[in-house]
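Heads up: the sequence lines are chains A and B, in that order. Residue 0 is where the first sequence starts when you use numbering that gives the first Met the number 0, and the numbers rise one by one after that. Residue 0 is where the second sequence starts when you use numbering that gives the first Met the number 0, and the numbers rise one by one after that.
These are computed hints drawn from the structure, not numbers from a lab. Heads up, some of the hints might be wrong.
Chain copies aren't distinguished; within one or between two, either way the pair holds.
[Unchecked claim] 25 Å max Cα-Cα, derived DSS-like pairs, lysine-lysine: (1) LYS253 with LYS223; (2) LYS81 with LYS18; (3) LYS253 with LYS135; (4) LYS32 with LYS18; (5) LYS153 with LYS188; (6) LYS78 with LYS188; (7) LYS125 with LYS194.
Quantities reported herein were computed from a predicted structural model and do not represent experimental measurements.
Protein chains: 2
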Amino acid sequence: MFDNIKIAVDAMGGENSPKKVIDGILENYKQNKDIIYNIFGDYEKIKSLLPNNYNKQIFNITDTKNKILDTDSPLSAAKKGKDTSMWLTIQSVKNNESDVAISAGNTGALFVISKLNLKMIENIDKPALSALWPNKKNFNVVLDLGANIECSDKNLVDFSIMGSSLFKSLYPNDDPEVALLNVGSEELKGNDIIKKAYQNLQTNKNKNFNFQGYVEGNQIMDGKVNVIVTDGFTGNIALKTAEGTANFIMNEFKNSMTANIFGKLSSLINIKNLKKVKNKLDPRLYNGAILIGLNSPVVKSHGSTDYIGFSHSLNVCIKIVKNNLIQKIKDNIIK
Amino acid sequence: MFDNIKIAVDAMGGENSPKKVIDGILENYKQNKDIIYNIFGDYEKIKSLLPNNYNKQIFNITDTKNKILDTDSPLSAAKKGKDTSMWLTIQSVKNNESDVAISAGNTGALFVISKLNLKMIENIDKPALSALWPNKKNFNVVLDLGANIECSDKNLVDFSIMGSSLFKSLYPNDDPEVALLNVGSEELKGNDIIKKAYQNLQTNKNKNFNFQGYVEGNQIMDGKVNVIVTDGFTGNIALKTAEGTANFIMNEFKNSMTANIFGKLSSLINIKNLKKVKNKLDPRLYNGAILIGLNSPVVKSHGSTDYIGFSHSLNVCIKIVKNNLIQKIKDNIIK
Chain A
0 MFDNIKIAVD AMGGENSPKK VIDGILENYK QNKDIIYNIF GDYEKIKSLL
50 PNNYNKQIFN ITDTKNKILD TDSPLSAAKK GKDTSMWLTI QSVKNNESDV
100 AISAGNTGAL FVISKLNLKM IENIDKPALS ALWPNKKNFN VVLDLGANIE
150 CSDKNLVDFS IMGSSLFKSL YPNDDPEVAL LNVGSEELKG NDIIKKAYQN
200 LQTNKNKNFN FQGYVEGNQI MDGKVNVIVT DGFTGNIALK TAEGTANFIM
250 NEFKNSMTAN IFGKLSSLIN IKNLKKVKNK LDPRLYNGAI LIGLNSPVVK
300 SHGSTDYIGF SHSLNVCIKI VKNNLIQKIK DNIIK
Chain B
0 MFDNIKIAVD AMGGENSPKK VIDGILENYK QNKDIIYNIF GDYEKIKSLL
50 PNNYNKQIFN ITDTKNKILD TDSPLSAAKK GKDTSMWLTI QSVKNNESDV
100 AISAGNTGAL FVISKLNLKM IENIDKPALS ALWPNKKNFN VVLDLGANIE
150 CSDKNLVDFS IMGSSLFKSL YPNDDPEVAL LNVGSEELKG NDIIKKAYQN
200 LQTNKNKNFN FQGYVEGNQI MDGKVNVIVT DGFTGNIALK TAEGTANFIM
250 NEFKNSMTAN IFGKLSSLIN IKNLKKVKNK LDPRLYNGAI LIGLNSPVVK
300 SHGSTDYIGF SHSLNVCIKI VKNNLIQKIK DNIIK
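Use the sequences and the hints to build the structure in full.
What follows is the structure in structure tokens.
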């Protein structure tokens with residue numbers, strides 16, 4: 000049995016907010032009855048988006064008049080800070096009034112405000128931004144995706160510990176298979192930092208995950224490993240390159256499917272199969288990047304996702320609290 | 000008018016060699032009558048793959064008994080070196096007997112043997128491996144793809160100079176639009192090296208190409224820029240991630256198209272349109288990575304491509320010689 004899980008939600012971040020956020024909460028509530036949503040944002044607007052007779056215990060609104068804009072620099076956001084919906088969302092986990100925080104707003108600002116307010120987990124040096132990425136079997140956890148442009152070998156080992164904990168929280172029945180993203184699979188490939196991380200992970204076997212060595216970019220999606228560790232510069236570029244490639248190919252297919260009467264006819268016949276592919280690749284399914292390493296988890300929803308995507312990222316919040324992500328990280332640290 | 004272009008061809012590298020190489024040469028010869036192919040490899044085998052009455056001036060075989068294996072380390076390949084088909088192919092450009100060298104063999108070995116035999120272009124510090132990558136409009140040149148795991152800001156500026164020269168050699172009618180691959184498009188993003196390269200390219204405008212600042216991974220294929228510059232670690236991972244993503248999606252589509260009778264029927268109706276997509280994305284079309292920075296160009300064909308792919312990489316050889324790639328690089332260097 001669990002106490003009700005309390006999610007602190009920044010209602011004002013991202014495109015079409017607060018509507019997309021509140022619709023996402025209502026969608027999420029359909030499948031989850033044991034959640035309390037601590038919502039931070041414009042009270043009147045939020046209220047008008049909820050049913051008239053909404054339950055004030057479950058949908059607990061705190062009125063905030065100020066908000067962080069996407070155009071704010073992380074520094075100006077932090078200064079603006081204390082009465083914004085984002086700051087108060089993070090404060091809510093800091094004060095133990097919520098178990099996890101979520102925002103679809105400005106990533107840089109969310110990162111800085113989280114670091115200012117929340118403490119690092121002991122023995123972890125830097126927090127990392129991690130996300131889900133589809134593979135042939137199911138999903139990978141990939142980190143870091145841009146929180147740390149430069150990383151030490153210790154950081155990469157930390158990311159392995161945190162990434163495998165996150166994977167286990169999201170997929171409790173599977174074993175985390177960890178690999179370092181590199182330019183070749185032989186031991187001598189790569190730079191000094193990655194080689195040192197390899198040595199460390201190889202020597203100090205961690206009982207909570209299997210270290211599988213190096214993978215190359217073309218192996219990310221083949222499903223042989225499920226936790227992919229890299230520095231934030233490389234990870235960000237790899238993720239965005241994959242997004243760009245997927246969009247490019249989907250567009251080429253779309254154009255070919257509607258180019259002429261044969262294309263139109265065939266896609267009509269095949270609509271169910273094509274939908275299956277589209278659904279499998281639907282980025283809303285794996286919406287929600289997770290900032291880990293701080294003593295509370297912070298989830299970043301994509302700014303441009305819709306209410307379905309936001310609801311999925313609320314599911315990520317629920318899973319990582321239910322399955323004790325933070326405790327799992329602490330258990331994985333070899334002292 | 001040009002003299003005949005002389006291409007030094009390592010016939011023994013890559014899968015299914017020398018058959019795929021010789022078939023590729025014959026395919027290439029159908030469209031190009033002003034080429035001399037200086038072929039290095041097993042004379043008897045090569046002869047048996049050519050027509051009985053082949054023209055010995057055009058298909059000029061040098062018998063070599065030894066060859067570099069894919070399993071050779073770069074160092075052991077270099078030691079084995081001097082009587083191998085790969086070494087003699089590179090010697091042929093060194094001795095001005097050929098204008099350009101090509102091999103489908105061991106990349107690391109080709110790189111080391113080229114560096115041992117050929118001089119760097121003056122004022123270029125490191126050679127780079129570059130390749131073509133499709134975008135919405137046509138093709139990008141992307142470099143470095145793994146020759147240099149760590150790069151200085153000067154290297155990135157050199158890559159811009161070389162990449163734009165290569166683009167202009169391949170697409171003489173288009174202007175090179177150069178960008179640095181980064182984790183954001185704002186000036187303050189990225190590490191110190193990339194910021195210094197940005198400053199340099201911004202300050203010292205080069206009349207032979209337009210510098211367009213930063214692009215992110217998801218913008219590589221949108222066609223707004225056409226020369227993408229990055230260090231070899233990031234470039235290798237980006238390219239392979241794109242390959243892996245493309246394969247993943249193509250497989251999902253393939254499976255959906257043949258999953259049941261509706262899928263089969265629809266792909267039958269749509270076969271011409273789908274072929275068009277497949278052709279556009281056919282990796283054989285952009286086969287041929289180019290090692291640039293040495294005083295002769297060296298082309299690396301993919302080891303697993305077939306004769307069509309090899310013929311395409313011979314076309315790359317022809318274009319870069321016809322359009323004076325090396326002279327273009329020298330002209331682009333600001334002294």
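Identify every previously stated hint that the structure contradicts and give their numbers, smallest first. none
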